[in-house]
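Asks: What follows is the residue order along each chain.
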Amino acid sequence: MKHIMRTLIIALVAAIATPAMAGDGVSVGDTAPAFTLADSAGNQVSLSDFEGKIVVLEWLNPDCPFVQRHYKAGTMKNLAAQYAGEGLVWLTINSTNYMDVAANAKFKAENDLPYTILVDQSGKAGHLYGAKTTPHMYIIDGAGTVVYIGAIDDDPRGNKGEPTVNYVSVALDEVLAGKSVTTAETKPYGCSVKYKK
Amino acid sequence: MSLCRSILLTTMCILMALLVSPAVAQDETRVKARLVADTVAVESGSTVRLGVHFEIEDGWHIYWHNPGGAGLATDVQFELPDGFVAGPLQWPLPIAFIQSEGIPGYGYEDSVVLAAEITVPPDIVISDLGKVRAEVSWLACKGVCVLGSAEIEVSLAELDEDPVFRTWAGQLPVASGTENLPFTLAVTGGLSEGTITHWLRWSGEPGAVEWFPSPSEALEIGEVRIRTRGGLTKIDAEVKSRKGASGSTAELSSLCVVTTEDGERRGWELTAKLTND
Numbered sequence: 001m002k003h004i005m006r007t008l009i010i011a012l013v014a015a016i017a018t019p020a021m022a023g024d025g026v027s028v029g030d031t032a033p034a035f036t037l038a039d040s041a042g043n044q045v046s047l048s049d050f051e052g053k054i055v056v057l058e059w060l061n062p063d064c065p066f067v068q069r070h071y072k073a074g075t076m077k078n079l080a081a082q083y084a085g086e087g088l089v090w091l092t093i094n095s096t097n098y099m100d101v102a103a104n105a106k107f108k109a110e111n112d113l114p115y116t117i118l119v120d121q122s123g124k125a126g127h128l129y130g131a132k133t134t135p136h137m138y139i140i141d142g143a144g145t146v147v148y149i150g151a152i153d154d155d156p157r158g159n160k161g162e163p164t165v166n167y168v169s170v171a172l173d174e175v176l177a178g179k180s181v182t183t184a185e186t187k188p189y190g191c192s193v194k195y196k197k
Numbered sequence: 001m002s003l004c005r006s007i008l009l010t011t012m013c014i015l016m017a018l019l020v021s022p023a024v025a026q027d028e029t030r031v032k033a034r035l036v037a038d039t040v041a042v043e044s045g046s047t048v049r050l051g052v053h054f055e056i057e058d059g060w061h062i063y064w065h066n067p068g069g070a071g072l073a074t075d076v077q078f079e080l081p082d083g084f085v086a087g088p089l090q091w092p093l094p095i096a097f098i099q100s101e102g103i104p105g106y107g108y109e110d111s112v113v114l115a116a117e118i119t120v121p122p123d124i125v126i127s128d129l130g131k132v133r134a135e136v137s138w139l140a141c142k143g144v145c146v147l148g149s150a151e152i153e154v155s156l157a158e159l160d161e162d163p164v165f166r167t168w169a170g171q172l173p174v175a176s177g178t179e180n181l182p183f184t185l186a187v188t189g190g191l192s193e194g195t196i197t198h199w200l201r202w203s204g205e206p207g208a209v210e211w212f213p214s215p216s217e218a219l220e221i222g223e224v225r226i227r228t229r230g231g232l233t234k235i236d237a238e239v240k241s242r243k244g245a246s247g248s249t250a251e252l253s254s255l256c257v258v259t260t261e262d263g264e265r266r267g268w269e270l271t272a273k274l275t276n277d
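As you go down the protein sequences, you meet chains A and B in turn. The numbers in full-length UniProt numbering rise by one with no breaks, and the one at position 107 of the first sequence is 107. The numbers in full-length UniProt numbering rise by one with no breaks, and the one at position 53 of the second sequence is 53.
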């Protein structure tokens, strides 16, 4: 009985997994696709509101231990603050199916976040960009082109010790210096984005 | 900042020390990890298998060395007495599951043993043997995910032959390059085509075929399509290199797994060139 179930599961995984992955998301060099989402205060926010600016997109799930580790360490908040003077826009997107405006507002308040959390319960923006993990990082340059996709750093387990490489910081420095991004794609790590079924 | 880091490190050390326990550990992930060996006695110049047996609570999974589109590979690091050498960790055949819509995952449910061959140096005095320790970390998920870690240890003089090793070798894939395979392999496509196709010609109908790409920082695997008609299996996988990422893009290693009608699973490691260089 168990092996029949196993065979059925194999067929089901093959049937479900493969078409959904087809051509999903954006690639480095693509024009960043437009989106409009409500923020944690209920305001509508569009990517086009930040035309001409460098934008970082960060996929968030407060229940994910990788996200919790980075928020305890202040990784995202410090990075956003570090580049705020350069006109950087930091947009955090939560595509977790069960986290509504109120849940995101609570997380923003608890962590005293200076940046916007966008609520994407339908997963539309997440699928548009092909976000797979929390965190999953994207950088859009001033011309609206995706210039970095991947992990926040090279320390998935959080036990590497110093020095770690923060890929987003390195890429931002290159973008601000007018250079092309050397490490433009890395393997993202973290929990899977908990998309709506 | 450095003071905070010192305090944090000290706290972590204390917590890790508290987690050290003889041979078995469990945390809130409901994953139980214990050290296991395939022998009762370590002998000079011999090779023994030492592993970690994970017992995973129903409905939860931990990850293969390529976790798929998300997740984290389970990690086992052995700390051995001087002169002992651990080979690479050997990974039994994984299963595939859906982590979230469109995100495949590869890993283990129920239980698994991740083990390595340990080469024992010649001229050791058995009575002088100390303990072997394993630092283990894993991500366990069941809708939500929880990180787990443990340090587990056992005295080398007190090993016991664990019954999990009776069937363990049969759960490992057949190494790439082995002769007398039940299929012939041809590979077409590559990085420049954006798709790599493995063609497997079997002597008969193989059963349900699965394909698992090996871990790679430099390669991104997209859509995978597997079709078997009669004795021919075609595995199409979208593949591209990650711009600027570390690691080689010359080859793609993977695993083909067949489940027969009677539930038997067998797997073979495959290696394919991705470029003409």
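There could be a bad hint or two in this list.
[What the hints assert, rightly or not] Using 25 Å as the maximum straight-line C-alpha spacing, the simulated DSS-like pairs for lysine-lysine come out as follows:
no., chain 1, residue 1, chain 2, residue 2
1, A, Lys-197, B, Lys-273
2, A, Lys-196, A, Lys-160
3, A, Lys-179, A, Lys-124
4, A, Lys-179, B, Lys-142
5, A, Lys-196, B, Lys-32
6, A, Lys-124, B, Lys-142
7, B, Lys-32, B, Lys-131
8, A, Lys-196, A, Lys-108
9, A, Lys-72, A, Lys-124
10, A, Lys-53, B, Lys-240
11, B, Lys-32, A, Lys-179
12, B, Lys-243, A, Lys-160
Since the hints were made in silico from the structure, they are not lab data. All figures in this text were calculated on a predicted structure; none of them were measured in a lab.
Asks: List, from low to high, the hint numbers that the structure doesn't satisfy.
Replies: 1, 2, 3, 4, 5, 9, 10, 11
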